[in-house]
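Undergrad: The lines below spell out each chain.
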Amino acid sequence: MDAPRSFQEIILRLQAYWADKGCAVLQPYDMEVGAGTFHPATTLRALGPTPWTAAYVQPSRRPTDGRYGDSPNRWQHYYQFQVIIKPSPPELQELYLGSLAAIGIDMDLHDIRFVEDDWESPTLGAWGLGWEVWCDGMEVSQFTYFQQVGGHDCRPVSGELTYGLERLAMYVLGADDGNAMPFNAPDAPIPLTYGDVFREAEAQYARWNFDVADTDMLMKHFEDAEAECARILSQPHDDPRTGRRIVMAQPAYDQAIKASHLFNLLDARGVISVTERQAYIGRVRALAKACADAFLETKAGGAAA
Amino acid sequence: MADLLIELFSEEIPARMQARAAADLKRLMTDGLVEAGLTYEGAAAHATPRRLALTVQGLTDRSPDTAAERRGPKADAPEKAIEGFLRGAGVSRDDLEAREEKKGTFLYATIRRAGRPAEEIVAEVLERTIRDFPWPKSMRWGDGTLRWVRPLRRILCLLTREDGHVVVPLAVDGIEAGDVTEGHRFMAPAPFSVTSWDDYAAKLKRAHVVLEAEERAEIVRAGMDNLSFAAGLSVVEDPGLMAEVAGLVEWPVPLMGKIDDAFLDLPPEVLRTSMKEHQKFFSVADRDGRIVRFVTVANRETADGGATILDGNQRVLAARLADAAFFWENDLAVAKAGMGDWLDKLSDVTFHAKLGSQRERIERIAALAREIAPAVGADPDVAETAARLAKADLASEMVYEFPELQGVMGRYYVAEALKAEPSLAPSEHHAAIAAAAEAHYAPLGPSDDVPTEPVSVAVALADKIDLLTGMWAIDEKPTGSKDPFALRRAALGVIRIVMGHGLVLGLDEYLLQAFIHHSGKWKVTSSSKVTASRLEEELYLLATRSSVDESTLVSSYRELTSQSPIDHAAFRDWLNAQTAERGEDFSNYDDYILLQANVSDRPDLLSFFHDRLKVHLRDEGVRHDVIDAVLTGDRTDDLADVVARARALNAFLATDNGENLIQGYRRAKNILEQAEEKDGVEYSFGADRKLAETDEERALFDALEAAKPALDAAMEAEDYAGAMERLAALRAPIDAFFEAVQVNAENEIVRRNRLNLLHAIREAPARIADLSRLEG
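First to last, the protein sequences are chains G and F. Residue numbering for the first sequence follows numbering that gives the first Met the number 0, beginning at 0 and increasing consecutively. Residue numbering for the second sequence follows numbering that gives the first Met the number 0, beginning at 0 and increasing consecutively.
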């Protein structure tokens, strides 16, 4: 396979590869999240017995990683490519290696390693075992067999792959400065680099995240999201308007996602002490667990219709 | 006879678990086979990232037939009893044999068990081994229920005999055992079948898999040495890293890469940490010990001789080191400005919500280090300065990025700060102050050295004592296996430092100081553990110092605090109202009460130290009852003294004199206590030699008299071994005394005198230990 020439070509090839392997290629979830795992297509669909397979790009935000666009390899907004297959197929490692070949990594010249790395998300009440995958000493993906999500055992187990797209692309494209890597084709009529697309916005968000965001307001929003999540879940399952059974797991989960992101923003402002931090994480986890409980009451979650 | 070959082929097994897993496989299989009646000549197990392999040689083909006899009920027992016996033994009525015995005729059954073929036993034991395998962490995958460390893909299980081999029939969760395995994931992925252990080992090697971890390590070692020798360099030894690397590859290929010159000015610890922790690279040093190259161990050979792999690794390292260099530059600027920015920043970093910020903790440690300094031979000013600077690096960018470098970076940054602002401390102390930034964390593990510099010792003790007293004050003590603040390690650290330097240190005094430093921090809350009676006691004291009438104070207090929990705020307001007109102010009431509350924490914390000391001395071979025995008296907070007494007593007890003296002591004590109980008095009046009637009695008087000056001198000099020797000299006269003298004489005066003499025997060792706590 010839080498891709741009950031977007890597995304397109990954999508084409996993589409070819039977995944539903979804679009990003339309909310601010810290990682691709937060997409309901992973967090919620990993629960319950129903088979599932999806691949998608997820723009993700980690306010503390903001560097005003000056860092060659850190941004507060970045992309993850996420694959989830339930139950995990026996040949998942081989499928994964195929995806590396698809983006131009020649297995005969490179050194690919599966290095122990257990994954845990304290805010999602989730954990799994797996590896970080190294290509010539560079971590290019996270490979996880989900064991628990939202406090529930995963039966069957989902296999989850997460590619950190910027780092992977820099490696494949041979770029030492991520901002300089081509976003579209270098010979396009209007060639754009990654920096052309994001650098200015990075500076703006860094300033807002670190110094300007109104922390009192963020805390208020956090509490609002928490309260709304609980209120949604406390509604009776039977909808009085339609007379149908409608468990609102996903609208509630949206509020959990919101709370999680607001916590990240507060954390970036440095207004959360070490001990408070644990308490906040516990509050978000409680929301995620409640949503997971609710999802298992839905048809998609395996409840009898 | 057969040879057994087992391979459990899975997705990548974590490096740190491989050696243990191979040993467990060998143990569980061979134990299981032997238990089922097979025997074998030898066994060996190996692990690679993708497989556990076991070979068992000379395994017997069948377990032996067995016959066991069982006695049943009497022949004339009720039918029901006989039927029950037949069911239990699994035999029929005709198989029973009746035997005449003294007590009647009994029925006997012979239970015969036919031997079973090795195939059957191996299948059974292997399935059990797989299902119950003791992985530290295991998982499920797909829609299966089996647990393994990572998905288990193949089971290979063969019995090889002279006439060929058979696959042992076995299936675990849908995985059928076979004779097929796979080679290296990339270099030889095609599956192949094997017929025996030799065939397996040979084919694996051809398929680019080195089965034995030690052989992989040897290949790495030899390869690294060749590469570095050719360049006139040498590899920095790292056995831990070697073991890990050997568990990450099946076909090791060491490659040596360059470190960009731009990074060679970074502290070597930074280079090593970046390379080892994150990349698993070995460091390669030049003749001056500077790290100038690295070795990475690839898992394969490539057509370009590893050029692409090495280039990638160099780029990853360069990116990491560029980050590190950036942090280093930024940090140096702050350090050279005296580190004030960091200390300010630490005011905003919470150490613990109830114990304040890191900055406040640093101030407490500085004050305590100053107080400890004289006892450890350090200059108080210098110790205080060192403590104030020792943790500044926690706010540095480098330590934020590489937390494992805390202290190490501190040493560099403090040195820079002192260079830039020499007036912070006399220049002859600069080196010691910088060293304390790193050394005050020690000892971290049981094999870690204790700090030696007096300044480091003072800061290290202050750091640990502040942590312990703080956590005690807010009730965050370790429970069971939970010790999130590593308080056991901190206490053991104090013990090892004290023992290591033979420091004479009344720990209790410093615990008190540390509690006082904490007391300004917390506020009295309704959950405060101050008890009503404790408070009341303190109130009398308060009353004597204030102009409030004592009885008014206490009765009003009782009224106000009749409900639980105590409403301290209300009481304080009342107290101020009472005294306002006289110009008294109880605004420091909170501190006062809390300080009193912590009076009770000190003995509790001290006994925590004693528990750690017991564990530590037990490892040294000191009997636990010996430690209990010396943990009496009023000097138990002087740990060096406790240890000296424990060691002396322990050594003494190992001698004949010691054992016999204890017997004599016990005898004296028992007789004395019985008499004291019976008479209701304490016989502690000095005995009088004039009243002695027998030679043995007088000899004992003389011996006690003679031993006294030397004993006192030895005790004075804290020469406990010497003191024990003096006591040992009493053994013969004591034995002779008990041999010849009846303590409970008819004559009451003689009897009392003898009891008073026993008292002298009982008290002689009291300053060293309470011998009654010894077992046996």
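In short, the hints are calculated from the structure, not lab data. Honestly, I wouldn't trust all of these hints.
[What the hints assert, rightly or not] The calculated label-pair distances, taken between Cβ atoms and stated as ranges, are:
#: 1; chain 1: G; residue 1: MET216; chain 2: F; residue 2: ASP474; range: 18 to 28 Å
#: 2; chain 1: G; residue 1: ASP152; chain 2: F; residue 2: PRO168; range: 52 to 62 Å
#: 3; chain 1: F; residue 1: ARG617; chain 2: G; residue 2: GLU296; range: 52 to 62 Å
#: 4; chain 1: G; residue 1: GLU119; chain 2: F; residue 2: TYR399; range: 51 to 61 Å
#: 5; chain 1: F; residue 1: GLU276; chain 2: G; residue 2: ASP176; range: 17 to 27 Å
#: 6; chain 1: F; residue 1: GLU217; chain 2: G; residue 2: GLY281; range: 47 to 57 Å
#: 7; chain 1: G; residue 1: GLY97; chain 2: F; residue 2: PRO190; range: 42 to 52 Å
[Said to hold, decoys possible] Chain G is nowhere near these chain F residues, computed Cβ spacing over 12 Å in every case:
#: 8; residue: GLU10
#: 9; residue: GLU11
#: 10; residue: PRO188
#: 11; residue: ALA366
#: 12; residue: LYS476
[Unchecked claim] For lysine to any residue, the following SDA-like pairs were computed, each having C-alpha atoms within a straight-line distance of at most 20 Å:
#: 13; chain 1: F; residue 1: LYS279; chain 2: G; residue 2: ILE111
#: 14; chain 1: F; residue 1: LYS136; chain 2: G; residue 2: ILE111
#: 15; chain 1: F; residue 1: LYS204; chain 2: F; residue 2: HIS183
From the three backbone atoms N, C-alpha and C, an ideal C-beta is built for every residue, glycine too.
Undergrad: That 42 to 52 Å hint for GLY97 (chain G) and PRO190 (chain F) (C-beta), does it hold up?
TA: violated, 18 Å
Undergrad: Decide if the proposed pair is consistent with the structure: LYS136 (chain F) and ILE111 (chain G), CA atoms, cutoff 20 Å inclusive.
TA: Violated. LYS136 (chain F) to ILE111 (chain G) sits at ~24 Å, over the 20 Å cutoff.
Undergrad: With respect to the beta-carbon atoms only, verify the hint that MET216 (chain G) and ASP474 (chain F) lie 18 to 28 Å apart.
TA: Violated, since MET216 (chain G) and ASP474 (chain F) (Cβ atoms, about 36 Å apart) do not stay within the stated range.
Undergrad: Beyond 12 Å on every Cβ pair: is that true for GLU10 (chain F) relative to chain G?
TA: With a cut-off of 12 Å, GLU10 (chain F) comes too close to chain G, as the shortest Cβ separation is near 6 Å.
Undergrad: Do ASP152 (chain G) and PRO168 (chain F) keep their Cβ atoms within the hinted range of 52 to 62 Å?
TA: violated, 32 Å
Undergrad: Can you tell me whether the CB distance of GLU217 (chain F) to GLY281 (chain G) sits inside 47 to 57 Å?
TA: holds, 49 Å
Undergrad: Could you check the hint for me, namely that ARG617 (chain F) and GLU296 (chain G) are 52 to 62 Å apart, CB to CB?
TA: holds, 55 Å
Undergrad: Does the no-contact call for GLU11 (chain F) survive, Cβ to all of chain G over 12 Å?
TA: At about 4 Å from chain G, GLU11 (chain F) fails to clear the 12 Å cut-off, so the statement is violated.
Undergrad: Take the C-beta atom of GLU276 (chain F) and the C-beta atom of ASP176 (chain G), compute their distance, and say whether it sits inside 17 to 27 Å.
TA: Since GLU276 (chain F) and ASP176 (chain G) have Cβ atoms about 25 Å apart, the given range 17 to 27 Å holds.
Undergrad: Can you confirm whether the C-alpha distance between LYS204 (chain F) and HIS183 (chain F) stays at or below 20 Å?
TA: This hinted pair holds, its Cα atoms lying about 9 Å apart.
Undergrad: Compute the least Cβ-Cβ separation between ALA366 (chain F) and chain G, then decide whether it is above 12 Å.
TA: Answer for ALA366 (chain F): holds, closest chain G Cβ roughly 23 Å.
Undergrad: Under the criterion that the straight-line Cα-Cα distance not exceed 20 Å, is the pair LYS279 (chain F), ILE111 (chain G) satisfied?
TA: holds, 14 Å
The structure is inconsistent with the numbered hints 1, 2, 4, 7, 8, 9, 10, 14, although it conforms to all the rest.
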